[in-house]
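Participant: As they're listed, the protein sequences go chains G and L. Okay, so the first sequence: first residue is 1 according to this note's numbering, each after it adds one. Okay, so the second sequence: first residue is 642 according to this note's numbering, each after it adds one.
The reader is advised that the hints may include incorrect statements.
[What the hints assert, rightly or not] Here are the computed lysine-lysine pairs in the BS3-like style, where the Cα-Cα straight-line distance is at most 25 Å:
1) Lys301/G <-> Lys807/L
2) Lys804/L <-> Lys209/G
3) Lys626/G <-> Lys113/G
4) Lys171/G <-> Lys213/G
5) Lys171/G <-> Lys113/G
6) Lys113/G <-> Lys210/G
[As the list claims (entries may be wrong)] Now the stretches of chain L that chain G is said to cover, found in silico as 3 or more residues with beta-carbon under 8 Å:
7) 738-752
8) 843-855
9) 959-967
If you are wondering where the hints come from, they were derived from the structure by calculation, not from laboratory data. Even for Gly, the Cβ is constructed at its ideal location relative to N, Cα and C.
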Amino acid sequence: MTSQVSSPTTPDRPVLGEQRKPAKETRKLDRVVIRFAGDSGDGMQLTGDRFTSETASFGNDLSTLPNFPAEIRAPAGTLPGVSSFQLHFADHDILTPGDAPNVLVAMNPAALKANIGDLPRGAEVIVNTDEFTSRAMGKVGYAASPLEDGSLSAYAVHPVPLTTLTVEALKEFPLTRKEAERSKNMFALGLLSWMYHRPTEGTEDFLRKKFAKKPELAEANVAAFRAGWNFGETTEDFAVSYEVAPAEAAFPAGTYRNISGNLALSYGLVTASRQADLPLFLGSYPITPASDILHELSRHKNFGVRTFQAEDEIAGIGAALGAAFGGSLAVTTTSGPGVALKSETIGLAVSMELPLLVVDIQRGGPSTGLPTKTEQADLLQAMYGRNGEAPVPIVAPCTPGDCFGAALEAARIALTYRTPVLLLSDGYLANGSEPWRVPELDELPDLRVQFATTPNHVAEDGTEEFWPYLREPETLARPWAVPGTPGLEHRIGGIEKQDGTGHISYDPANHDLMVRTRQAKIDGIEVPDVVVDDPDGQARTLVIGWGSTYGPITAAVRRIRGAGGAVAQAHLRHLNPFPRNLGEVLGRYQKVVVPEMNLGQLAHLLRARYLVDARSHTQVTGLPFKAEQLAAAIQEESADV
Amino acid sequence: MSEAPAVEHRTPGLPALSLVPKAEAKQSMKDFKSDQEVRWCPGCGDYAILAAVQGFMPELGLARENIVFVSGIGCSSRFPYYMNTYGMHSIHGRAPAIATGLAASRRDLSVWVVTGDGDALSIGGNHLIHSLRRNVNLKILLFNNRIYGLTKGQYSPTSELGKITKSTPMGSLDAPFNPVSLALGAEASFVARTVDSDRKHLTSVLRAAAAHPGTAFVEIYQNCNIFNDGAFEVLKDRTSAENAVIRLEHGERIRFGADNAKGVVRDRATGDLRVVDVDASNEDEVLVHDAHAATPTTAFALSRLADPDTLHHTPIGVFRSVERPVYDALMSEQLEQAVEQHGKGDLAAMLAGNDTWTVVG
Ligand code: SF4
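Isolated chain G, as found in the complex:
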């Protein structure tokens, strides 16, 4: 079977009257890691996004890592103000945004200083020489120019006066110098697009749409973009360009697009509402890095989606719970600090046994922590962060694209078992992106639910009654009777209820029964078995992770196997309840290593639950693991096996 990748943006359309295939020497590469870095005001995220889109439509596999400061406009030219976007693309399937960039684009001295340490020897560095004034260099502690003092001799440095060239290219446009300078990121994008043979039409279309109201700005940006491309083509400094072939074998047949985690999650929620045939209601309060879900869902009102920007986190989940009582598929989206505020209402939802999705896009903590950096340290908060015995199912997506399926899965559990469900994504998944196969509609799960419509109990005197806490024996779910249903009027609340009738009850034996029943309901949720990847069955060490560490762990495991080592891998998407076969799987291996971006929260749960000597490998830098370091750590942990 042969596979073929074709792009709808026909790659052989001429650009600027010349053939778009560069005339210079072309070298083939199997993968490249590029990092764009500049001031937060330099448009690096946009530049990275565009290069990603070009790369996606070309058919490479890819993975991205945006990294930006929490401040909207951090002080210009300073190290904390540096914003970067890393993109890894390849002709085969890849799992991470790459450990170390092969190419760094540094728009100013701060960007160079903040990123140069991550580069391997021989990496290419494109610097915007216009910004290397003594004042700008002084600001970040360069006494002498790193472009001249030989400190960059290990790298292939391309000094390019990006600002001057951009202003020069735009001199025909009615723009001030300052306005013209702003297009320098598009010049850089054009240059990189030339270097890596990226299709350019998508970016030009994008710019024309983005600046539809200001056509002269659109044309200026297109001109800067083309000037950058031509600069690569004509300057001697860039003698070679590179080709990274489409990742033909990496993808099963289908229609693909590039997708970020937050976008996939938003689509998952809209899709779940369609599949459940229930209107979607989002109650949310803006918080980084979850706000994009609120923004995205607000754009889909024609799907009957109601988005409610609440006065605070508590009102966000409160409104969602009210909507759930009324029969909506209700969602609240937030990050760790917001979950802390919502926990009392999550407890109420546990007690009232109503379906509710609580989406936590984790970020560095505690407290405000690192709003724009990633971490997975809310697992124990999700698991235990409520008063009383208040078990809540937990689902965690493992890649940006998986956020779609994880949202559907969380909705399935919430609707089937009438329970709040925590969906634990994180900043890395939320903002990172990858190619995603667009599902066919008939592949999607049926999530339809049956509301209660008739009384479910006959009283001793023969009258028919509705008992809101009379459970389905299989799932232990209670009936969902929504207001507007005649004859089923009932009252629910946070006070302990009598089993069956739902009346207030302070009876000790009844409370004991209800606590155990709520726990049994969650413990009994059907979740798929965990799959172990152990190709030759020889491994004595199992590496197990959850959530966004899937990419780095899998890449690390591949490295170890590539070097002749044997290691088994498993990844958890369900953290409460755990898959039924998990205990047996853990028992099969002499060593269990648990890499996490926290101080060992999953390891703690596994040890407590299964009495295994799970070894934690942790990192809390606000950045994902690097595959090489992780591989070394896993090998070290399993050395004495």
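Chain G is already provided as a structure; the job is to place chain L with the ligand on it using the hints.
Facilitator: For chain L with the ligand alone, coordinates are given in the frame of chain G:
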């Protein structure tokens, strides 16, 4: 879930409830009593309010299953258990937020919030002011007894300064809220005050609140005979009430006292309101109450007439009732507009976006 069609169920005279289905048969007070034993302290003012609400509900003629009572925590918040409608006894202070989600997603429901001075003004203050400013179709009944009852007698955010309670043996230090002033400041479109023991007045206020499209805020002075007995006695005792209570009637001059000898006039120098003895010389200066005034300025001034310590000159009735856009109606309109502009949501098109590529197997 589809909303009830607007035309079929139109309830004349109740624009706020035009989407709520009507009852098929005539209802009586009994229909609204649940089978639960009422557990307030004997003599508590809550009983009178419950009876008034249960007695008033049949007048609305709404399908019982389309009525929902949502409460927070506190003595008053037990209320939903006693109403034979749908109900939720939620968590402390959050009822307005929860009810907002319900009302905004289900316009075929008549949603009532029952709360107290601690629940609404202390722990839930934020939700109260934001629901008022949003103008969601909710009816908020705030039972104000100026004390924490359920937690056994600490001072509340409406207790008078210097209140001696278990938590303030030397007297409370913080100045109280005036709930009506607060609601008016929070852009409420309907603000009223009434008293638990005056069934007729209470019912008339409920009637006006029910008819109001948007959030209606009703403060009900409620006696907690266990921890703050007689807090409103001055407004209830026949003789003292004459000089203490000012009954507001839209379109009427604001007069009160024995033989209506007192009236409210505007002070020319300050623009503020004050109480005067009315005689032939100033009769025409007595303010005519306009609940529909465009600005809340005069309503606010009225809310400040009462002396917070003695409660003398306490206006009751509807301070303000104005029409302004209702949140849930606007939200629904946006959904319809979105369909008009972009067509009904096409799932396949949304998932694919506009930048796809195909891998052929
Ligand atoms: S404590 Fe006061 S408010 Fe509460 S039920 Fe008793 S009398 Fe009523």
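Participant: Each hint needs a verdict: does it hold in this structure or not?
Facilitator: Taking the hints in turn, this is what the structure says about them:
About 52 Å separates the Cα atoms of lysine 301/G and lysine 807/L, which puts this hinted pair outside 25 Å; it is violated. Proximity of lysine 804/L to lysine 209/G is assessed by CA-CA distance (about 65 Å); at most 25 Å being required, the pair is judged violated. A C-alpha spacing of about 20 Å is found between lysine 626/G and lysine 113/G, which places the hinted pair at or below 25 Å, so the restraint holds. This hinted pair checks out: lysine 171/G and lysine 213/G have alpha carbons roughly 21 Å apart, not beyond 25 Å.
With a C-alpha separation of about 31 Å, the suggested pair lysine 171/G and lysine 113/G falls outside the 25 Å cut-off, and the hint is violated. Pair hint lysine 113/G plus lysine 210/G does not hold up; C-alpha atoms about 32 Å apart against a cutoff of 25 Å. Counting residues of the stretch 738-752 of chain L whose CB lies closer than 8 Å to any CB of chain G gives 12, which reaches the minimum of 3, so the coverage claim holds. By the rule of at least three residues with a Cβ nearer than 8 Å to a Cβ of chain G, the coverage given for the stretch 843-855 of chain L is violated, with 0 such residues.
Three residues within the 8 Å Cβ limit are the bar, and the stretch 959-967 of chain L against chain G gives 0, so the coverage statement is violated.
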